[in-house]
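Student: As a plain string of letters, each chain reads:
There are 2 protein chains.
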Amino acid sequence: MSKPVLIVGGGPAGLAAAHSLATVGKKCVLVEKEDKLGGAPILSGYAKLVPTGEWAKDAIGGMVTRVADDSLVSIETGATVTSFDGTPGNFHAALSNGKTIEADAAILATGFTHFDSVNKPEWGFGTFPDVATTTQVEHMISSGQGVRGPSDGRKPKRVAILLCVGSRDRQIGREWCSKICCTVSANMAMEIREELPDCHVYIYYMDIRTFGLYETKYYWRSQEEFKVKYIKARIAEVTSDGEKLVVKGEDTLVKRPITIPFDMVVHAIGMDPNVDNPVIAETFGIDLESHGYIDVANRYGAMGHTSRPGVYVAGSATGPETIDDSIAQGHAAAMSVLSDTKEAVA
Amino acid sequence: MSKPVLIVGGGPAGLAAAHSLATVGKKCVLVEKEDKLGGAPILSGYAKLVPTGEWAKDAIGGMVTRVADDSLVSIETGATVTSFDGTPGNFHAALSNGKTIEADAAILATGFTHFDSVNKPEWGFGTFPDVATTTQVEHMISSGQGVRGPSDGRKPKRVAILLCVGSRDRQIGREWCSKICCTVSANMAMEIREELPDCHVYIYYMDIRTFGLYETKYYWRSQEEFKVKYIKARIAEVTSDGEKLVVKGEDTLVKRPITIPFDMVVHAIGMDPNVDNPVIAETFGIDLESHGYIDVANRYGAMGHTSRPGVYVAGSATGPETIDDSIAQGHAAAMSVLSDTKEAVA
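The listed protein sequences derive, respectively, from chains E and C. Residues 319 to 664 (my numbering) are what the first sequence spells out, left to right. Residues 319 to 664 (my numbering) are what the second sequence spells out, left to right.
Warning: the hint list may mix true and false statements.
Which copy is meant is left open, so a pair is good if it fits within one copy or across any two.
Said to hold, decoys possible - Here are the simulated DSS-like pairs of lysine-lysine, each with C-alpha atoms no more than 25 Å apart in a straight line:
#, residue 1, residue 2
1, LYS566, LYS550
2, LYS475, LYS566
3, LYS535, LYS417
These aren't lab readings, by the way, just hints derived from the structure by calculation.
Work out the full structure, taking the sequences as your base and the hints as a guide.
Tutor: This is the structure:
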């Protein structure tokens, strides 16, 4: 096998795939549209990751360093793939930086796009400065600044985290669930309570989806050890009384309107399909599924096949996904490349 | 690399790992305690799988055939590993059938144990014959018999599916969420409605956890296209009025007691840690996590490392898991074996 594998996207899935392939002596070219590797956890400055509690800059940063230091991996940052032709074992790609690549196969680890909260205007983002997003709060924590009201830099005494912002919301064309926001929000609520023990943290939810073993570690622990309060509610709007933010809605458990003041409101933003997916689909000649994520074949044959032979997909490019599962899929897609090219290692 | 990889467990994760390794020329010995391969989907006779809609006997059956036909995979069914010693690249295992195996590495794909509903006696299983489990109903569907009341073989007119039986239930020591039961139950409800259009199907739930893209395909579709009814409730007991089963509880949305008669009640049973895990942990010298699943190291380094170098884990042995993710983890663990043994394929 003489040609490298083209890997598009330098987040957890792409980094996992590149590392896997390099460890068995397979060359890779890793193309990342941003100026640095790491994907959302690094580019958006995530804090401590679910479920390990490790800092993103250490956990994913370590994956970046490992790949960057590997002589079998060529890295092209600030670049996109502009054309892709050929057949398995004989693909030709052109990059936006003018380079051309011959490749045996391609793995698309092109990730997702964070939902932009301005598309949910009645919940106050963009109108009131103390309405922030989970990614902004992650960055407050990871930067060492701590959680502070954006308007005045003060420590908030009351914080509301609103789940399903850009998820499970047909009004704005986001019918899917973003899978990990419940757990991330429970984790964030505990981090806020740890930093600011006097701060009350409320989580507004439709259904709490701390699935699997996250149930104990996040849902129960956040309530029992950290006294985070959960309110099942339909939120109508986030307004201001001039001093405090006011979350108005209906508590769906007691069937009563509730109006509660907060110093800070956090949108747990969902995972949109990568905004570039239509272009990626066109360039690579692959199908998208109905929501706009990259369509993946059933997993019983091999992992991560797209509709085009020789082109694989892994991670949140296929739909909302956890970091752990993205990494598993990255390794599995690498394995699929090896399997399909029938290289013998024995 | 001269020695094979020992893979324990012939379900989706183990089959994926064995196939992956064999495709790159690596020998495997697949040890399965039951008399045939396929794991829970085959042994329990699952019907159509989430999310592909393919029959388990075709989807997982195909994985079995592929591995069984592979000359690089030796299969030992009806056997367990009784001792395991050595170091990476030089392990020695003894099997219950008297055979011994030299192995480079081991992958534990030892799966889970279905919750036994007799441990939730107040919900009627074992007392009333028309209280069945999801696995029993899967088997009714996959066998071609169709969904029928066990007591009289008649087509039920009213079916209740109770979620979280053996999950999220501290009273009986099952604090975890079993991750996939919500989606499996929504799928089953649609299958019942498809076979028996006159049958009313109710799903009793705490939180509906049809995460990610399952939201559209299962939660919304089951309600809108198949008219499945969802009731958020705390269930007190399942009794009988002599003719019908009666589900008693509290509707937690309207805060009122509800008592509804049914012809058939289905327990959506959870995923316990494999009952053999204490023995497996002792034999392989590995750690279990707090609930009793096999403990897995963080995924940033490599996938599926246990606490013992050279011993890997994949799938629902690590906690409640979907079939797709189990397969991904099986391939990823295979990749980890290749990575760690630094075999060159280039």
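Student: Next, verify each hint and record whether it holds.
Tutor: Hint by hint, here is what the structure shows:
no. : hint            : verdict
1   : LYS566 / LYS550 : both (13 Å within a copy, 23 Å between copies)
2   : LYS475 / LYS566 : within (18 Å within a copy, 42 Å between copies)
3   : LYS535 / LYS417 : neither (47 Å within a copy, 41 Å between copies)
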